[in-house]
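Novice: Take these sequences, add in the hints, and give me the full structure.
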Amino acid sequence: MSVVEVLLGIDLGSTTTKAVALDRTGRVIGRGITNTRSNYEVASQIVREEALVQSRFELVRHAMEADPELSGIENKFIGSLVRNFRQRQHLEQLESLESALHHGADAPRYAAQYDSIQDALNNICQVMRLRVPGHFSELAVRKSDFFRDLAAADYMQAAEQFSNPKHARFDVLCGLFDAAILVVENAAGDRAFERHAAPALDQTLAVAPADIRGREAKLRAAVESVRSLELRVLGMVGTGYGRQRLPFPKEQIRSEILCHGLGAHTMFAGTRTVLDIGGQDTKAIQVDGNGIVTSFQMNDRCAAGCGRYLGYIADEMNLGLHELGNLALESTCSVKINSTCTVFAGAELRDRLSLGQKVPDILAGLHRAIMLRAMSLLARSGGISDEFTFTGGVARNPAAVSALQGLVQQNYGVRKLNISPESIYTGALGAALFAQRAAEAGNAP
Amino acid sequence: MNVKSKSGESILAAGIDVGSSAVKFALANVAEDGSATVLALHNERIRRRDLRKVIREGYDVSLQAAGVRQSEVAYIASTGEGELVDFRRGHFYGMTTHARGAVFLLPGTAAVIDIGALHARAMRVDERSRVMAYRMTSQCASGSGQFLENVARYLGIMLEDVGPLSCEAKTPEAVSSICAVLAETDVINMVSRGISRSDILKGIHLSMAGRYTKLLRSIGASGDVAITGGLAADIGLCRALEEKIDEEKIAMRVRTHPDSIYAGAIGAALWGAYRHRVLARRTEVVA
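Line by line, the protein sequences give chains B and E.
Counting along the first sequence from 1, when you hit position 261 you're at 261 in the numbering used here, and nothing is skipped either side.
Counting along the second sequence from 1, when you hit position 162 you're at 162 in the numbering used here, and nothing is skipped either side.
Don't read these hints as lab results, they were simulated from the structure.
Heads up, the beta-carbon is just placed ideally off N, CA and C, and yes, glycines get one too.
Not one of these hints is a red herring.
Derived lysine to aspartate or glutamate pairs resembling EDC-like cross-links, with alpha carbons at most 20 Å apart:
(1) E:K53 x B:E316
(2) B:K76 x B:E65
(3) E:K53 x B:D351
(4) B:K250 x B:E41
(5) E:K53 x B:D171
(6) B:K218 x B:D202
(7) B:K166 x B:D115
(8) B:K218 x B:E74
(9) B:K358 x B:E323
(10) B:K358 x E:D50
(11) B:K218 x B:E194
(12) B:K166 x E:E57
(13) E:K53 x B:E160
(14) B:K218 x B:D67
(15) B:K218 x B:E65
(16) B:K358 x E:E83
(17) B:K218 x B:E58
(18) B:K166 x E:E160
(19) E:K249 x E:D224
(20) B:K358 x B:E348
(21) B:K166 x E:D60
(22) B:K143 x B:E330
(23) B:K416 x B:D288
(24) B:K76 x B:E58
(25) B:K336 x B:E316
(26) B:K76 x B:D202
(27) B:K336 x B:D361
What the simulated footprint calls covered on chain E by chain B, stretch by stretch (three residues with Cβ under 8 Å from a Cβ of chain B suffice, anywhere in the stretch; the number is not a length):
(28) 78-85
(29) 152-161
Specialist: Have a look at this one:
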């Protein structure tokens, strides 16, 4: 069996946990992300597995690129393969959600309404199953990549339809979901590639256009060779909010400030100032020409000004985090948000909505509010030097970026703003690079 | 308007208390002398549904429960965030309704602590339920009802289990006041450190109770303190408040009533009936 050696960096954030896999040359071959929050050990297992799954897809791509007969169709083929793969994973989780729901409804307190609740759950899950293919079709715009968000949105919608005030109250159905989703999230899906790759491949080939189907035998061989590979993890370094709880020894842990500095420097060599807005930390970091941190500031223990602020607002509106920024960009007249506290801003949002104010205008105000707090942090850390790199999950939000651009222009003049679509993985990339350095030095962490 | 209800007869009045997390409904039969019988109480959690619809449907449920037709209700009063009760006749400020409801449910009440989803308010009241002094929590949701609701969700437990679980605590985990949103991570950390859900909840209850005793002290409250608002139903929080008061040796006694969470709605109904009578008398005089 052939072996591919990889190095892993894991960034245990408060909202999401990220992993980056590098090959021996330092090239990124896989990334993984999960929103599992209730258990860091499980979360790091899940992302590790995710990054390795993605690495395998990447290795399939490499194999196809190297084969003159297969190169040129790899994007189309792998895109479809990944969608089918994700759909199978989703269905598997849905199945375990369903059994967790029924298990929860078995509790003695629901005995009187047992049949009605079970019926409602059956109907809800039926609707949820029917909606799955839609989430994974080629043109689908998913509001989130996470099972929890997709399932919650479908569930709540169906629950409103199938609940009734006497025997299967909406409230009870919501409570059952909240308990069941934790069970699902805490189950780490093991050996996903090994289990799902073959059926996903069959599914892909069954509906594939002629140019792909014509090369079936070679494609099968390519996928199979990657499936039987051993991915050997040479070293692993952890960082992030939950790093102290990481299930590995101290030598394998680096502070997230160092990792973000190094990660940002690696992505954009000219970086001097880094703003990282993560789930519950906002960091303003100054780095020198080698990616070494020279000064930094962090926010207080308050969600206002962090990513969770937007996450909370998205939850509040039953929106996915992906949708929030785009909606805010439609604003024509941004609203000034009075509340600082996240929970109060959520209540203010509801009040403003019920007064008939427009969703995009309110959202634009909320995005500006979080950026204003970031600006004061940046000022305290020593201002914004050229080039300025924005990382963390919030950097993926176009409205946040545009609010930041406006404020930077206003306060500091022209600065080159670097943003990578993979900015959420900056910390994990830094960690993986530390792992690679250690491996090169001959003492793999 | 109900023309039959002249002064001298008892009238039906409804109170609708719109909170940020639940809407509470009360229907009461109020006699001329102000004595009242509660006919129906109903609590509807909003859970991100359309508020106007929740209010309308909840009101219909309470009418049904009381066996009353809408046209028989002489006065519909709103309180709390009542702007969306478009079928109301009048609105009363939350503090006055909670004071009125608390004194009605628990005669002898000298102070009220209203603990809702976003704010906690402490009021000192007289025997006619007039508010003599008050103090509210600040613009941060740490230690609010919403905070507790979030924690329950992160722990995957139903809100009604929070109180009983908290009462089972053996060694409560001390928590300082933490951000209501970031509490999620703190809770997760506590869980992963192997602390039981009971001890986590009790620790949070005690930290919340500490804030409330501070509020009550600051307005010079003493004697019987009635807990109202959504969190009055949380037996764990009530116990924690008792313990705190004991510990700090304050001359107060915590009291709750099974219908405490409806104090605002009941108070609104009672004030509504009162206003209806005053208005009716005036029209009679004019006529």
